[in-house]
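Participant: As they're listed, the protein sequences go chains E and D.
Heads up, the first sequence is in numbering that gives the first Met the number 0, so the first residue is 0 and it goes up one at a time.
Heads up, the second sequence is in numbering that gives the first Met the number 0, so the first residue is 0 and it goes up one at a time.
Hints are supplied without guarantee of correctness; some may be wrong.
Same chains, same label: a pair holds when it works inside one copy or across any pair of copies.
[Stated by the list, open to error] Here are the simulated SDA-like pairs of lysine to any residue, each with C-alpha atoms no more than 20 angstroms apart in a straight line:
no., residue 1, residue 2
1, K5, T198
2, K54, G317
3, K134, E206
4, K55, T8
5, K305, I20
6, K22, E181
7, K5, R127
8, K22, I98
9, K305, E181
10, K305, G155
11, K134, L316
12, K22, K305
13, K134, G68
To be clear, the hints were calculated from the coordinates, so they are not data collected in a lab.
2 protein chains.
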Amino acid sequence: MSDLPKRVTINEDGPREGIQIEKTRVPTADKIALIDALSQTGLAEIQTVSFVSPKKVPQWNDAEDVVAGLTLRPGVRYTSLYLNARGLDRAIATGRLSIEGGISLSASSAFLSRNMDMTPERQRETRREMIALFKANNVPITKGSVNAAFGCNFQGDIPLDQLLATLEDVFALAAEADVTLETIGLSDTMGWATPGQVTRTVGTIRERYPNQSLSLHLHDTRGMAIANAQAGLEMGVSDFDTSVGGLGGCPFAAHKGAAGNLCTEDFVFLCEEAGIETGIDFNALIEASVLAERIVGHPLPGSVRKGGSLHTIRAGLGQ
Amino acid sequence: MSDLPKRVTINEDGPREGIQIEKTRVPTADKIALIDALSQTGLAEIQTVSFVSPKKVPQWNDAEDVVAGLTLRPGVRYTSLYLNARGLDRAIATGRLSIEGGISLSASSAFLSRNMDMTPERQRETRREMIALFKANNVPITKGSVNAAFGCNFQGDIPLDQLLATLEDVFALAAEADVTLETIGLSDTMGWATPGQVTRTVGTIRERYPNQSLSLHLHDTRGMAIANAQAGLEMGVSDFDTSVGGLGGCPFAAHKGAAGNLCTEDFVFLCEEAGIETGIDFNALIEASVLAERIVGHPLPGSVRKGGSLHTIRAGLGQ
Numbered sequence: 000m001s002d003l004p005k006r007v008t009i010n011e012d013g014p015r016e017g018i019q020i021e022k023t024r025v026p027t028a029d030k031i032a033l034i035d036a037l038s039q040t041g042l043a044e045i046q047t048v049s050f051v052s053p054k055k056v057p058q059w060n061d062a063e064d065v066v067a068g069l070t071l072r073p074g075v076r077y078t079s080l081y082l083n084a085r086g087l088d089r090a091i092a093t094g095r096l097s098i099e100g101g102i103s104l105s106a107s108s109a110f111l112s113r114n115m116d117m118t119p120e121r122q123r124e125t126r127r128e129m130i131a132l133f134k135a136n137n138v139p140i141t142k143g144s145v146n147a148a149f150g151c152n153f154q155g156d157i158p159l160d161q162l163l164a165t166l167e168d169v170f171a172l173a174a175e176a177d178v179t180l181e182t183i184g185l186s187d188t189m190g191w192a193t194p195g196q197v198t199r200t201v202g203t204i205r206e207r208y209p210n211q212s213l214s215l216h217l218h219d220t221r222g223m224a225i226a227n228a229q230a231g232l233e234m235g236v237s238d239f240d241t242s243v244g245g246l247g248g249c250p251f252a253a254h255k256g257a258a259g260n261l262c263t264e265d266f267v268f269l270c271e272e273a274g275i276e277t278g279i280d281f282n283a284l285i286e287a288s289v290l291a292e293r294i295v296g297h298p299l300p301g302s303v304r305k306g307g308s309l310h311t312i313r314a315g316l317g318q
Numbered sequence: 000m001s002d003l004p005k006r007v008t009i010n011e012d013g014p015r016e017g018i019q020i021e022k023t024r025v026p027t028a029d030k031i032a033l034i035d036a037l038s039q040t041g042l043a044e045i046q047t048v049s050f051v052s053p054k055k056v057p058q059w060n061d062a063e064d065v066v067a068g069l070t071l072r073p074g075v076r077y078t079s080l081y082l083n084a085r086g087l088d089r090a091i092a093t094g095r096l097s098i099e100g101g102i103s104l105s106a107s108s109a110f111l112s113r114n115m116d117m118t119p120e121r122q123r124e125t126r127r128e129m130i131a132l133f134k135a136n137n138v139p140i141t142k143g144s145v146n147a148a149f150g151c152n153f154q155g156d157i158p159l160d161q162l163l164a165t166l167e168d169v170f171a172l173a174a175e176a177d178v179t180l181e182t183i184g185l186s187d188t189m190g191w192a193t194p195g196q197v198t199r200t201v202g203t204i205r206e207r208y209p210n211q212s213l214s215l216h217l218h219d220t221r222g223m224a225i226a227n228a229q230a231g232l233e234m235g236v237s238d239f240d241t242s243v244g245g246l247g248g249c250p251f252a253a254h255k256g257a258a259g260n261l262c263t264e265d266f267v268f269l270c271e272e273a274g275i276e277t278g279i280d281f282n283a284l285i286e287a288s289v290l291a292e293r294i295v296g297h298p299l300p301g302s303v304r305k306g307g308s309l310h311t312i313r314a315g316l317g318q
């Protein structure tokens with residue numbers, strides 16, 4: 000318990016990652032309303048839209064319109080997703096987003112081959128191209144990430160050694176380009192992680208990379224996200240990706256109906272009850288979660304929205 | 000991590016506790032089918048029905064018929080709920096149930112007063128009457144429990160001292176009646192517990208009561224049940240109440256739409272991935288969860304049923 004951080008940074012991924020998987024078209028105005036509502040909760044970072052091919056992700060064919068419609072709030076970093084030169088150009092052209100670079104590799108070669116028709120060698124090549132692109136555009140590269148870090152529906156368990164080897168590849172790519180990584184991101188892309196595994200993995204990585212901070216991206220596919228987040232907190236992790244209401248899913252996973260990311264408000268509740276600062280206005284966040292559920296038109300998995308805020312109960316009791 | 004138990008005992012509460020809160024009448028045959036399905040999963044204990052007043056809990060006005068219809072499976076303990084002499088008589092009269100006594104008190108006097116119109120003194124009196132009744136019927140009394148152990152919607156936070164004082168009252172009642180309690184049950188009746196609180200509470204109680212084992216009953220009202228269960232496991236707790244599919248809710252809580260108990264299959268997944276034996280056939284349990292969802296006619300919250308079994312994925316990959 001002694002390693003619990005005093006404060007956590009929460010990167011809200013709900014809009015970009017959550018909405019893209021919705022089957023029903025979400026109107027542009029609703030996407031803007033959700034991001035604007037989230038920007039008023041105290042969240043420091045919101046991943047807004049995806050600049051990928053509209054053929055692959057039709058839900059984001061209005062990415063530019065959404066970004067243009069946002070009421071930008073000072074102090075909030077508005078980020079986006081881009082996977083190639085065209086996407087990066089589109090993001091930069093908006094003139095309204097925080098443009099950040101990163102280096103990410105998949106720990107599962109079966110995932111790469113099945114979903115992207117790519118070998119690990121080819122993946123490293125595409126990353127070299129992106130790194131060159133970031134440098135040519137003066138985009139800072141600070142985060143190195145491993146996807147499918149804890150397991151993969153196409154490859155099975157990912158042993159810790161395999162994760163560590165992938166992480167070495169990430170750092171080798173950074174070194175080649177004279178880039179110093181500040182943060183290591185681990186993504187449980189398909190919801191394989193369990194708390195003991197998070198504890199062991201984070202423990203090993205923080206010993207091996209004492210100069211980098213760690214960031215966790217935890218999917219709730221099998222209901223373990225909140226327990227995995229707690230395991231991360233207990234190992235001192237202070238940087239988490241989350242998704243309001245638990246929006247999302249995993250388009251690459253081998254099953255339907257899977258839950259999305261770690262739910263933002265459930266995670267904020269966990270932190271606040273443990274005395275960990277989040278900087279978030281809990282009631283405003285609950286309102287944003289209610290809005291998210293209305294916008295997508297079906298129940299979202301987050302629990303504390305339904306269970307009720309203890310803040311409100313305590314306040315009603317004069318506590 | 001070193002205190003993880005080698006094996007856990009799971010008490011399935013889904014039928015009794017879960018079905019009673021359903022608004023739509025569940026047919027007797029469906030109740031029987033669910034309990035019979037659960038009895039084939041390897042579960043050692045199933046709480047089947049409630050022998051309370053049909054006026055208060057109309058859903059269980061067929062308790063006797065359900066018990067009479069069960070295909071009793073050797074090795075499974077079939078328990079039930081009874082809160083007074085009439086209920087106990089009804090349970091005994093079936094001749095088919097495991098009859099067990101217990102002593103439980105609420106840590107929250109506001110909960111008692113608001114929901115049962117009862118003072119703590121009156122509650123102790125009713126417990127003395129039940130203890131006398133158990134003894135008169137040669138019913139073993141082995142478990143002492145505290146409800147609302149971690150917090151209460153009507154009283155707010157329950158400080159550890161208040162929980163400990165209530166537990167002392169439980170042990171005093173046992174001592175008066177010359178009863179030796181083997182197990183201490185802590186119930187998070189309204190879903191207030193968080194992992195750090197579970198760790199601190201279990202740590203204190205197991206030091207103070209080294210001769211008793213601990214049992215946790217965790218509601219998922221605010222999405223913390225699985226993280227709280229993990230905290231309990233790490234403190235060596237090996238006895239948990241759960242509910243298939245996450246069936247249930249809390250009829251006494253101040254809000255609607257709250258989730259039910261810790262979900263049986265999500266908890267089994269957590270344990271098995273950590274190498275903790277459950278004795279449960281995971282795929283049979285998933286089938287029982289699918290059946291539970293069909294019977295109640297609305298989505299149940301459990302995650303791993305939707306996310307997919309890693310057993311199945313690994314088997315498909317030849318692992």
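Participant: Next, verify each hint and record whether it holds.
Facilitator: Verification of the supplied hints:
no., hint, result
1, K5 x T198, "both (18 angstroms within a copy, 19 angstroms between copies)"
2, K54 x G317, "neither (54 angstroms within a copy, 35 angstroms between copies)"
3, K134 x E206, "neither (30 angstroms within a copy, 58 angstroms between copies)"
4, K55 x T8, "neither (31 angstroms within a copy, 47 angstroms between copies)"
5, K305 x I20, "between (23 angstroms within a copy, 16 angstroms between copies)"
6, K22 x E181, "neither (37 angstroms within a copy, 53 angstroms between copies)"
7, K5 x R127, "neither (36 angstroms within a copy, 47 angstroms between copies)"
8, K22 x I98, "neither (28 angstroms within a copy, 51 angstroms between copies)"
9, K305 x E181, "neither (37 angstroms within a copy, 36 angstroms between copies)"
10, K305 x G155, "between (34 angstroms within a copy, 18 angstroms between copies)"
11, K134 x L316, "neither (56 angstroms within a copy, 41 angstroms between copies)"
12, K22 x K305, "between (24 angstroms within a copy, 18 angstroms between copies)"
13, K134 x G68, "neither (29 angstroms within a copy, 72 angstroms between copies)"
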